[in-house]
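Note that my numbering has the sequence shown beginning at 1454, numbered continuously upward.
Mixed in with the good hints, there may be bad ones.
[As the list claims (entries may be wrong)] Straight-line Cα separation of at most 20 Å, SDA-like style, residue types lysine to any residue; simulated pairs:
(1) K2054 <-> G2129
(2) K1789 <-> D1753
(3) K1888 <-> V1796
(4) K2013 <-> L2033
(5) K1476 <-> L1584
(6) K1789 <-> G2129
(7) K2108 <-> T2084
(8) K1888 <-> N1805
(9) K1803 <-> K1886
(10) K2004 <-> L2033
(11) K1801 <-> D1783
(12) K2052 <-> E2125
(13) K1510 <-> R1615
(14) K2028 <-> K2039
(15) K2124 <-> Q2135
(16) K2013 <-> T2035
Everything labelled a hint here was simulated from the structure, so no lab data went into it.
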Amino acid sequence: MAQKDYKLWLQYDKKTEVELLSKYLSDVQGIVSLENSATSKIASNELEVGLSEMFGKTISLKSKVEGDKNIIIGSKEVLSSDIQKEIGNFDQINDEGFIIKSISIKNKNQIVITGKKEVGVLYGVYHFLRLVQMNKSIKNLNIVDSPKTNIRILNHWDNLDRTVERGYAGFSLWNWQKLPDFIDQRYIDYARANASIGINGTVLTNVNANALILTPQYLEKVEALANVFRPYGIKVYLTARFSAPIEIGGLKTADPKDAAVANWWKNKAKEIYKRIPDFGGFLVKANSEGQPGPQNYGRDHVDGANMLADAVAPFGGVIMWRAFVYSEHDANDRAKQAYAEFVPYDGKFKDNVIVQVKNGAIDFQPREPFHPMFGAMPKTPLMIEFQITQEYLGFSTHLVFLPKLFQEVLESDTYQKGKGSTVAKVIDGSITKTKLTGIAGVSNIGNDLNWTGHPFAQANWYGFGRLAWNPELDSEVIADEWLRCTFSNNENFIKPVKAMMMESREAVVNYMTPLGLHHIMDTGHHYGPGPWVSNLSRPEWNPVYYHKADKNGLGFDRSKTGTNATAQYAPEVAKIFDTLETCPEKDLLWFHHVSWDYKLKNGQTLWNGLALKYQEGVNQVAAMQKVWNTTEKYVDEDRFKEVQMLLEIQYKEAKWWRDACLLYFQQYSGKELPVGVEKPTQSLDYFQSLKFPFAPGN
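Required output: the full structure, derived from the provided sequences and hints.
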């Protein structure tokens, strides 16, 4: 049944184990909702539907507490004083947090799901339903949980014509032509899915922005979406094109120091907030990859961001200003440019500006060391930007569990305030004490029936939400939750498939960019390998710029003998990255140009080690296929076949990556492939001649 794909991790499958079911039924007799707002109706309906489906019997909703074994839901202010007393200290949670507690009132056992605000109750309901989906006990509950970041947001790179930049799951969800009057059920299901994992914001439009979204004609449509999302605790944000005052405002300039320009933005903000009182604010990509910005007028990022910040400040709005900048006029190593441009501005941005920094210094690669800006701007709120859509990781045809990548970055130690200053602690504000905190993920969602183009890509959306809520969560815990809710609680399924997911990201690194290689994919569409590409107008758009293969070796020297990018890290980190002996091998070619004969830690030469890594990646995909083929009895036929076909594509493409890259690099190393690496069946000329007019997302 194709419907299973659409339901994501909210499957609510009927419990079949008799003993487990009777335990649940003895613990839950009814649901009591103490509030009557749109949000509380969503929460009570979700509980009623979810439990009734899982228990195979109607668990009905009551308006007041009668008898025992009820689930009582309501925010603090509507709880009776005796229940409040049993719950205890509400100061343990923030405004979005929740408490789930088993209590006894007048000798009657009840489960209470509460929070300071109704949205916290909603999050608590989804948490409770997840426990039941995972067959966990609901006896003696005492769960206290709050999100560790304020802004947990999806960035949709959706264009107004419904194409999606770097989108691999169909067209945009937002049907601008039918809005505002036609509310697609998908908008509601989208909000529900996000609320279930604690996501509280969505940027509807591409960072490569179109000023039209700020015209009344479109704002009316945005308002309709905001009305759908509001009860789910989700705020709407838009991308602001910096040149909008010229393009739609009739002004001659967009100079942030020009009074008429500042005034135009103030009036625009007023107009938006009149329609959408809880509008979140603007995400801005400025002076990057040809986008207009303050530098067009001899101004800087602070001038631009603060001018916009003033416009939304009276309404409580924020400006998310992207630090993804690099210029063809800057001969500096591209990896150094964002740091060089932003760190001098530390402490100069207004309080409602948060600087959005990609997880690594180049661009969402299969593996990058953490961005040196994390921890280097203690007076400025920084939000991390991850890419959930797999622009550089095989699109939605490759099975890659990205929370493993996210966790690797979040756990990295910046040492900016001594040992233990992890990226997670920088972005949740616990090190910097910044009030404004956030995590952004570039969405992988489109209008495909299964939302994300690959059944397992749903785990990346899910895992992003869970890590945005708590950046210190373990990715293996996330994989376990997702598999149990999405497919099955059967241990014979969970164990091998979870192991496969946990290895999947390393497999991709191995067959695409092992040992610190990066940005060697084909040009423009980024589909498949292109280490030979050298004809693009800007040097830093070309793969040859990044791998620097020659007869002496391979890799980009960013140590102090090279571009000295290592100096942008704290001294403890710089010292590790700076020498061949101490640099982790996973980052070796990111920081060093290494001789083909250099001995790796396993005793292999760089050339042999590189070739064996490419082969290992291919072998890992073959192993994933083997694992998946054993799961047929635990998975519905549709999803089983879907994943099977996609893994076959991934296996073919892993071999393509291996063969094309090794043939290309072999010209420079002049060495034979080591034993254990399969010989390519095609020539380098063949791989270089391939064209892909059908590559999506461009």
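Hints not upheld, ascending by number = Result: hints 6, 7, 11, 13 break, sorted rising.
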